[in-house]
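Okay, here's what each chain looks like letter by letter:
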Amino acid sequence: MQKITEKHLAEKAKDLLSQGKVSAVLGWRRGEFDYDVTPALFTDADEIENGLVYNCFCGANLSKYLVSKIRAVEGRMLVFLKPCDTYSINQLFTEHRVDREKVYIVGIPCNGMADITKIRNAVGEGITGVSGDECLRVETLYSDEPAELCLADVMSERCVNCKSKKHVAYDELLGDEGEVLDSHRFDEVERIERMSPDERFAFWQRELSRCIRCNACRDACPACTCEVCVFNNPASGVESKAPVNEFEEKMFHIIRAFHVAGRCTDCGECSRVCPQNIPLHLLNRKLIKDMNECYGEYQAGEAVGGVSPLTDYTAEDGEPGDLIRRRDTDA
Amino acid sequence: MQRIGVFVCWCGSNIAGTVDVKQVAKALESEPGVVFSTDYQYMCSKSGQDMIKDAVRDHRLTGIVVCSCSPRMHEATFRKTASAAGLNPYMVEIANVREQCSWVHKDIIIGTQKAIILGRAAVAKVNLNAPLTPGESPVTKRALVIGGGIAGIQTALDIADAGFEVDIVEKKPTIGGKMAQLDKTFPTLDCAACILTPKMVDAAQHEKIRIFSYSEVSSVGGFVGNFTVSIRKKARYVNEDICTGCGACVDKCPMKKVPNEFNLGMDNRRAIYIPFAQAVPKVATIDPNACNMLKNGKCGVCAKVCTAGAIDYTQKDEYIEEKYGAIVVATGFDPISLDKFDEYAYNNSKDVITSLEFERLTNAAGPTQGKLLRPSDGKHPEKIVFVQCVGSRCSSCSEKGKEYCSKICCMYTAKHAMLTRDKYPDTEVYVFYIDVRTPGKSFDEFYRRAVEDYGVKYIKGSVGKIVPEGEKLVVQGSDLLNNRQVVIDADLVVLAAAIEPDKSARPLATMLTASMDTNDFFTEAHPKLRPVESPTAGVFLSGACQGPKDIPETVSQASAAAAKVIGLLSKDKLVGNPCVASSDELMCNGCSSCERVCPYGAITYEDKEFRMPDRTVRVRRVAKVNPAVCQGCGCCTVACPSGAMDLRGFKNDQIMAEVDAICK
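Protein chains in written order, with the working numbering: chain A, 488 to 818; chain B, 2 to 665.
Hints in this document: simulated from the structure, not taken from any laboratory.
Careful: at least some of the hints might be erroneous.
[Stated by the list, open to error] Taking lysine to aspartate or glutamate and the DMTMM-like style, the derived pairs with C-alpha atoms no more than 25 Å apart in a straight line are:
# : chain 1 : residue 1 : chain 2 : residue 2
1 : B       : 665       : A       : 735
2 : A       : 589       : B       : 551
3 : B       : 665       : A       : 809
4 : B       : 565       : B       : 586
5 : A       : 737       : A       : 726
6 : B       : 401       : A       : 809
7 : A       : 776       : A       : 789
Nothing here was measured: the structure is a model prediction, and the numbers come from that model.
In isolation and in its complexed conformation, chain A is listed as follows (with noise of 0.2 Å):
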């Protein structure tokens, strides 16, 4: 198998805008170190040259820059998007959020992307710069000699769950075709399910009580696409409500993972782009499990179309009562 790195990546976008078949190129582009990449707008081949990068650090889902970025371009965008990536974007083709033949996809293939945080945990701060890709090396201000890490072992939690390497949506694919995977993405919530009410209770106090209300979460999804975000919209009447109480602000988090039921693909950018590092992709994949467990498996973005159970109703659809019952008598 050929590997493709990001100069396949550079030539494919170079050849397509010289074609005249896209008029811009939505990637990645190195920041400040070389572990802060972010999305990035090319249109011309020598940005493309100098500036696109495809590394572990790409994890940003491009799908949801595509919203905004797309209405200022005229003709097609061409838009890398990686397995979990191309979830979303049906998604958002099924609520018409992006117009399809404004879009072509170049599907390129994943092996994990790298969370910082486990990084740093593993060297310690001052990180000056990080290359390699199954194997890393990473250079700090306080060594001389850089730090050899496996990808493996500093993979983000969503990449160790990874749910599937196949590309549900693509015009062309770089690489080959991959596969749905057997992930055991469940087994977290399964583990919190356990626990007594009070322990969930105070899990969940602990690791939302750290939330800053940066909106980085509900900025990144690609679900959370709406023209006026109720958080931001004066005549919700919840825009600046005064919390009774600090875990009422937390409510925010529970609010958005009802938001998102039925139409979030757990591509876990809410859980990456938390500065706090609150698991919230956590609370989107209990949703996901109970939907899977009262109305049967669905996958949202699997398929353009694709109906959410909860916007549709079947006579074997469950009952919630029964999902607690049945959990009730099993404990």
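Got chain A; can you put chain B on it based on the hints?
Then chain B, alone, in the frame of chain A:
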């Protein structure tokens, strides 16, 4: 700021018995916006309503809260009162302190507390109420009757006699339904055909009635007064307008071994057939599953012998689209399948038959020309056992039967038993029963005649097993009154199979968005006070599709449904419900969630230009609600992820205010 009046009703002792109404009135007096609060014995009485009108005038009220019974009972009453006092009727809210409070609580302290909370929520809501004005829509003066049995025929005749056009859609090649298959009818023993076929002819000849036989409803759109219905006329391969019903084609058709569904498969018909002599329309139909010409192009005899030239092998299904103001469902019933009832040996012995098959066996136009002969060997049965409640009144945990009583079996079994003894006095007749239910005019007298005058042997108890042994059927049952086991070696066993709604009812209910109960019977708008209306406006119920019924009851209900349809079609305009959904297009994402959950198809999307803050123009896909189609169910407001969809009269902030008031 609203000026709200609170009126607490005693409902005699119904509310006042378990709720301290004076305390409720006093507590609500201090709620925000309330300027007047009082209580009275009967708020819905004329003097109660006058009290409200006077208060509106004297205290310049802008909103009203009535703490009384369910809004289903008197919301309309108090809205009219408000209207008469010069207020917008939608400025009235009802706090249900009877069904939700006094009737369910025994403790006056708890009852009073809850009544105050419910009142507080209603006050909080009225504070945010806005006057609403309903729209109007025209009425298409034509009715559709789905099902051409006795229920559908009677409804159609009554509507047509009132001067409105009616279409009957019948899925079989002829109208007439189950009644056409019956022999005699209880309790007067008229011959079913003698009283039904004139009505079939009346329907066919009525200038206001069109009959679409061999047709099905394929889609329903629109709303009360303005339904658009697509009707699929199945290809019968015979031109209905030319066919004279002479029957020459039937006589000559070489395919002679097609089970005759009209005789429940007890004899055969041809591939081209007329179901029975008095069929309406009396035209032939080719069964495409049996006809050689249609299957492999070999034959064509019927076309050769048809002097009228009516045979058309190339005929295709035809779709007709028509507008209707009202729709009557008259889809009727079927006996249940007895496949799961192995103990009765229905599938093992030809001589175990259902009651409907018995009707055909005793019918002069049936497979035996009315002679009661055993299907297995054509011999005259000397001992007949009737088993009642086969699949009826089963326990809820039983997998195979129905919980309900099928209602008609006691009477038709008495009829069968009596007629058998009358025609063949040498035949012994036994009836196994759980209870004999005869609550109808002249019904009990009829049953007693069967027992006392005709010597039918009624045995209280159930049959455990029927075993075919040689020519006999060994029936093992229990006689509960004598506390002993009974074994009867019968020649024929007749099972009174439970009846269930026709299979076409469920998909039809989905098309009509009409609700059904767990047994697939259509639900009425109110079991006592609106028994022939479906909760879906403009959809009415006639006959056994709503529940098991005998013929007299079916005909009464059919005429009642017709009266409701006539009332609707007599109106030139309908006043709509102003409590409909609307979308804030500035917030709408165009995601289609609302469209998917809307049970009425009221939501469409359009691309609309929006001027953005940066002076650019953006085209966005936004939801649009057709207020005439919207029934105000509110599903869309819940499904909308962006909070753009809201329901007038039940706006999100009103609901939140109610919740806040309850949780205060």
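Problem set entry | 25 Å Cα cutoff - pair residue 665 of chain B, residue 735 of chain A | The hint holds at about 16 Å.
Exercise. Does the alpha-carbon distance linking residue 565 of chain B and residue 586 of chain B stay inside the 25 Å limit?
Worked result: violated, 39 Å
Problem set entry | Straight-line alpha-carbon gap residue 589 of chain A to residue 551 of chain B, limit 25 Å | With Cα atoms ~64 Å apart, residue 589 of chain A and residue 551 of chain B exceed 25 Å; violated.
For this session: Please work out if residue 737 of chain A and residue 726 of chain A have their alpha carbons no farther apart than 25 Å.
Result: holds, 14 Å
Problem set entry | Holds or violated: residue 401 of chain B to residue 809 of chain A, with C-alpha atoms at most 25 Å apart | Holds. Residue 401 of chain B to residue 809 of chain A sits at ~23 Å (cutoff 25 Å).
For this session: Decide if the proposed pair is consistent with the structure: residue 665 of chain B and residue 809 of chain A, CA atoms, cutoff 25 Å inclusive.
Result: Cα-Cα ~31 Å, so violated.
Problem set entry | Restraint check for residue 776 of chain A with residue 789 of chain A, where alpha carbons must lie at most 25 Å apart | Holds - the C-alpha atoms of residue 789 of chain A and residue 776 of chain A are around 16 Å apart, at most 25 Å.
Hints 2, 3, 4 from the earlier list are contradicted by this structure; the remaining hints agree with it.
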